[in-house]
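Student: Here is how the chains run, residue by residue.
Protein chains: 4
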Amino acid sequence: MTGEQQTREILAELLREFHGRGWVSGTGGGICGPADDGGLLLAPTGVLKERVRPGDFFVVDPEDGHVIRPADDPALRPSECNAIFGLTHRQRDAWSVVHSHALTAVLAADLVPRLTDHLAIRGLEMLKGIPGVGNQDTHLVPVIRNTPRESELVEQLTAVFDDPRFATASAVLVRDHGAYIWGDGVWDAKRHTEVYHFLFEATVARRGRQLEG
Amino acid sequence: MTGEQQTREILAELLREFHGRGWVSGTGGGICGPADDGGLLLAPTGVLKERVRPGDFFVVDPEDGHVIRPADDPALRPSECNAIFGLTHRQRDAWSVVHSHALTAVLAADLVPRLTDHLAIRGLEMLKGIPGVGNQDTHLVPVIRNTPRESELVEQLTAVFDDPRFATASAVLVRDHGAYIWGDGVWDAKRHTEVYHFLFEATVARRGRQLEG
Amino acid sequence: MTGEQQTREILAELLREFHGRGWVSGTGGGICGPADDGGLLLAPTGVLKERVRPGDFFVVDPEDGHVIRPADDPALRPSECNAIFGLTHRQRDAWSVVHSHALTAVLAADLVPRLTDHLAIRGLEMLKGIPGVGNQDTHLVPVIRNTPRESELVEQLTAVFDDPRFATASAVLVRDHGAYIWGDGVWDAKRHTEVYHFLFEATVARRGRQLEG
Amino acid sequence: MTGEQQTREILAELLREFHGRGWVSGTGGGICGPADDGGLLLAPTGVLKERVRPGDFFVVDPEDGHVIRPADDPALRPSECNAIFGLTHRQRDAWSVVHSHALTAVLAADLVPRLTDHLAIRGLEMLKGIPGVGNQDTHLVPVIRNTPRESELVEQLTAVFDDPRFATASAVLVRDHGAYIWGDGVWDAKRHTEVYHFLFEATVARRGRQLEG
Numbered sequence: 002m003t004g005e006q007q008t009r010e011i012l013a014e015l016l017r018e019f020h021g022r023g024w025v026s027g028t029g030g031g032i033c034g035p036a037d038d039g040g041l042l043l044a045p046t047g048v049l050k051e052r053v054r055p056g057d058f059f060v061v062d063p064e065d066g067h068v069i070r071p072a073d074d075p076a077l078r079p080s081e082c083n084a085i086f087g088l089t090h091r092q093r094d095a096w097s098v099v100h101s102h103a104l105t106a107v108l109a110a111d112l113v114p115r116l117t118d119h120l121a122i123r124g125l126e127m128l129k130g131i132p133g134v135g136n137q138d139t140h141l142v143p144v145i146r147n148t149p150r151e152s153e154l155v156e157q158l159t160a161v162f163d164d165p166r167f168a169t170a171s172a173v174l175v176r177d178h179g180a181y182i183w184g185d186g187v188w189d190a191k192r193h194t195e196v197y198h199f200l201f202e203a204t205v206a207r208r209g210r211q212l213e214g
Numbered sequence: 002m003t004g005e006q007q008t009r010e011i012l013a014e015l016l017r018e019f020h021g022r023g024w025v026s027g028t029g030g031g032i033c034g035p036a037d038d039g040g041l042l043l044a045p046t047g048v049l050k051e052r053v054r055p056g057d058f059f060v061v062d063p064e065d066g067h068v069i070r071p072a073d074d075p076a077l078r079p080s081e082c083n084a085i086f087g088l089t090h091r092q093r094d095a096w097s098v099v100h101s102h103a104l105t106a107v108l109a110a111d112l113v114p115r116l117t118d119h120l121a122i123r124g125l126e127m128l129k130g131i132p133g134v135g136n137q138d139t140h141l142v143p144v145i146r147n148t149p150r151e152s153e154l155v156e157q158l159t160a161v162f163d164d165p166r167f168a169t170a171s172a173v174l175v176r177d178h179g180a181y182i183w184g185d186g187v188w189d190a191k192r193h194t195e196v197y198h199f200l201f202e203a204t205v206a207r208r209g210r211q212l213e214g
Numbered sequence: 002m003t004g005e006q007q008t009r010e011i012l013a014e015l016l017r018e019f020h021g022r023g024w025v026s027g028t029g030g031g032i033c034g035p036a037d038d039g040g041l042l043l044a045p046t047g048v049l050k051e052r053v054r055p056g057d058f059f060v061v062d063p064e065d066g067h068v069i070r071p072a073d074d075p076a077l078r079p080s081e082c083n084a085i086f087g088l089t090h091r092q093r094d095a096w097s098v099v100h101s102h103a104l105t106a107v108l109a110a111d112l113v114p115r116l117t118d119h120l121a122i123r124g125l126e127m128l129k130g131i132p133g134v135g136n137q138d139t140h141l142v143p144v145i146r147n148t149p150r151e152s153e154l155v156e157q158l159t160a161v162f163d164d165p166r167f168a169t170a171s172a173v174l175v176r177d178h179g180a181y182i183w184g185d186g187v188w189d190a191k192r193h194t195e196v197y198h199f200l201f202e203a204t205v206a207r208r209g210r211q212l213e214g
Numbered sequence: 002m003t004g005e006q007q008t009r010e011i012l013a014e015l016l017r018e019f020h021g022r023g024w025v026s027g028t029g030g031g032i033c034g035p036a037d038d039g040g041l042l043l044a045p046t047g048v049l050k051e052r053v054r055p056g057d058f059f060v061v062d063p064e065d066g067h068v069i070r071p072a073d074d075p076a077l078r079p080s081e082c083n084a085i086f087g088l089t090h091r092q093r094d095a096w097s098v099v100h101s102h103a104l105t106a107v108l109a110a111d112l113v114p115r116l117t118d119h120l121a122i123r124g125l126e127m128l129k130g131i132p133g134v135g136n137q138d139t140h141l142v143p144v145i146r147n148t149p150r151e152s153e154l155v156e157q158l159t160a161v162f163d164d165p166r167f168a169t170a171s172a173v174l175v176r177d178h179g180a181y182i183w184g185d186g187v188w189d190a191k192r193h194t195e196v197y198h199f200l201f202e203a204t205v206a207r208r209g210r211q212l213e214g
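Residue numbers (this note's numbering), protein chains in the order written: chain A, 2 to 214; chain B, 2 to 214; chain C, 2 to 214; chain D, 2 to 214.
Isolated chain A, as found in the complex (with noise of 0.2 Å):
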């Protein structure tokens, strides 16, 4: 088994876990990988992600996005989520991202007013699961709008990752959506996915608490 298979495997078996916690879910929601040639294997658009098989990833160029392998059946197209993950492993050096859909992510957002650009986290152990992240930080989370096409977050994305602010910030917050989190590799994506997941989660439980107090 090559690299890149094994790969493909992990990857729709993530897919599958992410859509039973509710993190993907009605074809939304998305992942990337290492391809042996430099290329990125990206998940088509469209389909249930947790019936995702190892051939229907997509070989692109995480440089300038175009279609290097297609997937095995013609039917197919690669993810929106293209250009959005080509830009982060270029500006981030991660070779896995995670797009997820999960209401947690949502109602994190919407904790934060209108006028403001990320979400404090603080005082929680988990902190510790992102890289250069100690437990006793105030971690700074980006959040962007959202935008009718999902390749129309570029824009905001850019000045994201040129914001000395959210240096070792491993995700963005989209507004209304969801989230993009990464690492350097699979297993650090699926480590920070399940990090941010209980950030987010702990963040409102607790703003809630405080908005009934």
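There could be a bad hint or two in this list.
If we take Cβ atoms under 7 Å as the criterion, some of the chain D residues that face chain C in the derived model are [as the list claims (entries may be wrong)]:
#1 Glu-10
#2 Leu-125
#3 Glu-126
#4 Gly-130
#5 Pro-132
#6 Gly-133
#7 Val-196
#8 Phe-199
#9 Ala-203
Within a straight-line C-alpha distance of at most 20 Å, the following computed DMTMM-like cross-link-like pairs (lysine to aspartate or glutamate) qualify [stated by the list, open to error]:
#10 B:Lys-129 with A:Glu-81
#11 B:Lys-129 with A:Asp-177
#12 A:Lys-129 with D:Glu-10
#13 B:Lys-129 with B:Asp-185
#14 A:Lys-129 with A:Asp-189
#15 A:Lys-129 with D:Asp-65
#16 A:Lys-129 with D:Glu-153
#17 B:Lys-129 with A:Glu-51
#18 B:Lys-129 with A:Glu-153
Source of the hints: derived by calculation from the structure; they are not laboratory data.
By construction, the Cβ of each residue, glycine as well, lies at the ideal position given by its N, Cα and C atoms.
Position chains B, C and D relative to chain A; hints supplied.
Tutor: Just chains B, C and D now, kept in the frame of chain A:
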């Protein structure tokens, strides 16, 4: 394996998945899909839906609901959803309809004042999962009153299907009861079922938060 | 496979399913079903319920609770639910009783003022899942006080079974503790268990919302 | 299969189960159990806990934490819980300790004012799941402050173990972090882990409701 045999197996598998998520439970809820001969495969009534087997489905005529082919087990009777599924097929060209008993559907209908006949959903990327709807649109889901027997919902449903405000709706909420959700085929109905449950849950969570704030 | 052997396997499977849903946990909760010889199959006490095997059940006499046939493992002792399950059998002709430790049952009983002896449930289609109850009925579920030992609940339960207001109830809530839920046979008890947990959860969610509003 | 080999398999299985329930996630959380030679089996640090295999455990000396036998994979390092697990073993004769990162543990500690050092739990049948505690007792769970590194919790834990108010506690809550929960053996620790998570969740739900009311 014929197309119908595969559909029977998928319908049984989806009932197990929906049961695991609390969308059908305690014999409540149901599903239909396309049979080979222009009929509708219909789950039986009064049974635990997660234990329905491929041979337990009836084939009924979507024009008048009469049984074309019975279930293998002569003790079974066709679901009370029969009249509603047929109406939805004739009015919306839907070959698959899901009847959900999810608590989140009941709570979403609770948000709608008694004299209002719809739930307005806006500001969510997941709206894109409904054909003809974008993430900047306000999507109206019709809400009808519950009746002592399921077949008595037909009159209200007929009015809903005639109402141009609900042209893009692929779901109807029934107060104190649940929802009917449909699609062209089985996978479309499955996708819409996930999307609408997400939309209901998100709307309940956001409105609850507003009430508290 | 004899009828009893199959029942033992189903009871063990249901305990695993109920554990997965949080209805039995930490050795709490239990179940009984019909044995071949007019006895009741009774789970052992003090064991992890999701790991009970078919040979771990006792057969007890539903009239007086004495052990007719022990579990295969001589270290096991019969559940403390013995007296309650027998009483329920004699008063309601129930051959299967589930004892739930679900948090939702505790929170549902919390809604009932201390001097009131029942929870009134109305306005839910799922009420139809209880024999003799329609979706327009107000269904009264008796609520009793917890006692230091489980067997001491018998006195209050006897009064409940004699009370004509509770003629259609297939469940009793025990404050700070959980619920007993029964049916003619194992599948009836399973269906009622799902239905009542839905009714409890819906009532808790609706009342919580009213308190906030 | 030796006793230790079986324990290694059970520990790996429990980590998968706990991950599925959100009690360990994102490499956070951990577990230990008895080795054949008086040592403690200790999970590795910085790995996805649901993917730990039987050969991944270290055997450490519970007196001073030194590694008696390493994990099969030389790239692994022993968990940071090492010092805490050893201390708990020596002070409470516990051969198995679970370290939970559950959100419900964080929220339960949030209920305790900053200058108070315990959570009082009462009025729940599930209290019987803790040795020496009845359902009429008020059970005190010690609460300690989080520290930058896990090993720095030892000083506060030593004080907790010396405090006669906490003689029956089989758990300690760590603010902003989670909980340590122990038992004589692996199955006792598993049972207590379920019981305490139920007690935390019930207490959070009940207090939240009081705040709203």
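Student: Of the numbered hints stated previously, which ones are contradicted by the structure, given in increasing order?
Tutor: 1, 5, 6, 12 and 15
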